[in-house]
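Here the protein sequences line up with chains L and R, keeping their order.
If you read the first sequence in the working numbering, its first letter stands for residue 1, the second for the next number, and so on.
If you read the second sequence in the working numbering, its first letter stands for residue 1001, the second for the next number, and so on.
Just so you know, the hints here were simulated from the structure itself, not pulled from any lab data.
Keep in mind that a hint or two might mislead.
Okay, derived cross-link-like pairs now, SDA-like style, lysine to any residue, Cα gap no bigger than 25 Å in a straight line [as the list claims (entries may be wrong)]:
| # | chain 1 | residue 1 | chain 2 | residue 2 |
| --- | --- | --- | --- | --- |
| 1 | R | K1177 | L | V234 |
| 2 | R | K1101 | R | A1300 |
| 3 | R | K1177 | L | L49 |
| 4 | R | K1177 | L | E11 |
| 5 | R | K1177 | L | L29 |
| 6 | R | K1177 | L | I19 |
| 7 | R | K1101 | R | A1275 |
| 8 | R | K1177 | L | E239 |
| 9 | R | K1177 | L | L24 |
| 10 | R | K1177 | L | L50 |
| 11 | R | K1177 | L | L33 |
| 12 | R | K1177 | L | G104 |
| 13 | R | K1177 | L | E172 |
| 14 | R | K1177 | L | L28 |
| 15 | R | K1177 | L | R45 |
| 16 | R | K1177 | L | H48 |
| 17 | R | K1177 | L | L30 |
| 18 | R | K1177 | L | L22 |
| 19 | R | K1101 | R | K1177 |
| 20 | R | K1101 | R | L1295 |
| 21 | R | K1177 | L | L20 |
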Amino acid sequence: MAKSWFLGVPELRRALGVILVLALGLFLLLPLLTMVVWAFADVWRYPHLLPSSYSLRWWSWVFHNGNMTKAIFWSLTTAPVVTLLSAVICLPAAYSFSRLNFPGRRFFFISLLAANAFPKFGLYISIATLFFRLNLINTFWGVVFIQMINTLVVMTWIPAAGFDSVPRELEEAGRDSGAGPFRVFWRITLPIAMPALIVGGILAFLAAFDEAQGTFIVGAPRITTMPVLMYTLVTNYPEPASAVFSILLAVPSLVLLLIARRFLLAGYLAAGFKGR
Amino acid sequence: MVRESSGHARAVEAVKPALTSYKPARWREPALGLLLASPPVVVVLLLIALPAVQAALFSLGQVPQDNAAYSTGMHLVSSPTLTLAVYRDLLSSPFFRADIKLTAVVTVWSVVLTLLIGYVLSLYVRFASGRLPTAVRSLYLLPMFVPVVIASYALITFYVDRGQLQALLHAAGLGYKPVIYRATGIIIGQVWANIPFAVLMLGSGLDGIPQELVEAAQDVGASPWRILWRIVVPLNIVPALIVLTFTFIGVVGSFTIPFLLGPNAPQMLGVAMNAYFTSYQQPQAAAAMAVMAFLACAVAGGLYVWGTSRTGRTV
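Okay, chain L solo, but in the shape it has when bound (with noise of 0.2 Å):
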């Protein structure tokens, strides 16, 4: 009863809660829902509701393709390797972020924004020419340090927060018992603070799955990755290749989503971005 304060009639605030929820729900889902009918789609003319008629050509137009597959195999590649890479750059940080005092903590904890804050396109053309001198330019390390831009600040801010949850007491009972610095982090630190660093890393994934520009300044034409092919299927082919393909690309996401739910709802997110 206590939670039900803010609309004074039961009925009404249920209807309103029931309205909200539908119209979110149609809002969310009916463009995602659309595109799966297109998937399966042969004919569908404007104003039919269904499809006129269903195939599934394009799926197997998709499979035989070889710039699919090969996008698929890049992207599928370079993300998990952004993602370890970024885990062994940025968790270290967030543990010394959230448990070592040290001059402009607050400051560089912050200055890691600077990669959210900087139009990426003003920076790639910079970047390239960086990687043109390093040879990184169609490789698969340009690549990957290209996607890892965006993961910086998840990777860093979230587990710094999972790290600030684990109680003081709890590790110092645990260095009371004889446990040395390293068995206490193994045992007590790392465990309760994980959930954190696995939101840091499902976000870091998405981030580095999701990116496109850098990715084709840096990796085309060698290296091309799902959302960079989604570029040129959305505006140059029949709306059934791009729509099996984008179930495709979604796949691995949706997967995620599914792990990361609960960590997600249990506030790691909010805690992550809440500063210092």
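We have chain L already, so just place chain R on it with the hints.
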């Protein structure tokens, strides 16, 4: 990898004197802290700060001769001293002014609508009971996991002229005013994509408001609206500020959504930047746009820093 390890090495050099010339116990923590924190900062320095400074100097008339992508551009302004000529030329162009106006309009509407819809949803999830709020909790996360290029494509198939929405409205005997390839299309896309972050932030803030406070206000007869305005909104101001900042930064710098859902002219800054660089071969104008967009984002970032430092770590 080369750059990161050299960054490490530099950081080690920087802290070495500190480690040797002072009492180790006193200096161990700051030294270790700096060392561990440096890798992502070094990456930002090399891949963001340096290129950004280079782009800014270029936009101010300093043309680097060793950078072919810059020095072969058209309409180059090259000056021995810093000059604002590139900015003056850009801002005097009516086409670019229309781009700025579109960017401003889309950004303001997207931020306001995202904040508003996010607030309503998070209030519902926080204070309503039953099974529906649980369903909403799963639903609003969805856009976060759909790659933005797919989301844009899906929105096109749904909202485009003679698309699915028009077909649905037609079946219901209603008319339809097309939104795709217009400013409205971009705003719909931005709101769609930004809802998860807004609800996660605002919802987490609402979870932190003590139930006793709300109940106490109810007991003294405060109306729901009064509780909302006098207790909930003021206590939840920092998360709202964070949503505002990050939605703003995301929308101003966005490319995919305005590129696929927006009009050919005028264009949002992110799309115009791309066009000036690749189609018009005017990298200097593109760099100037990047700097302008960054300055706008820096103001928003300052708001974030101000908001989160004012309340410290208590929120």
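Here's how the hints hold up against the structure:
1. R:K1177 with L:V234: Within the cut-off at roughly 23 Å; holds.
2. R:K1101 with R:A1300: holds, 18 Å
3. R:K1177 with L:L49: holds, 18 Å
4. R:K1177 with L:E11: violated, 34 Å
5. R:K1177 with L:L29: holds, 21 Å
6. R:K1177 with L:I19: Judged against 25 Å, a Cα distance of about 23 Å means the pair holds.
7. R:K1101 with R:A1275: Holds, at roughly 17 Å.
8. R:K1177 with L:E239: Roughly 22 Å between the alpha carbons, so the hint for K1177 (chain R) and E239 (chain L) holds.
9. R:K1177 with L:L24: Holds, at roughly 20 Å.
10. R:K1177 with L:L50: Distance ~21 Å between K1177 (chain R) and L50 (chain L) Cα, so the pair holds.
11. R:K1177 with L:L33: It holds: about 21 Å lies between the C-alpha atoms, which stays within 25 Å.
12. R:K1177 with L:G104: violated, 53 Å
13. R:K1177 with L:E172: Between K1177 (chain R) and E172 (chain L) the Cα gap is close to 64 Å, so the pair fails against 25 Å, i.e. violated.
14. R:K1177 with L:L28: OK: K1177 (chain R) and L28 (chain L) at ~20 Å, within 25 Å.
15. R:K1177 with L:R45: holds, 19 Å
16. R:K1177 with L:H48: holds, 18 Å
17. R:K1177 with L:L30: holds, 18 Å
18. R:K1177 with L:L22: With a Cα-Cα distance of about 22 Å, the restraint between K1177 (chain R) and L22 (chain L) holds, given a limit of 25 Å.
19. R:K1101 with R:K1177: With Cα atoms ~22 Å apart, K1101 (chain R) and K1177 (chain R) stay inside 25 Å; holds.
20. R:K1101 with R:L1295: holds, 16 Å
21. R:K1177 with L:L20: Roughly 23 Å between the alpha carbons, so the hint for K1177 (chain R) and L20 (chain L) holds.
The structure is inconsistent with the numbered hints 4, 12, 13, although it conforms to all the rest.
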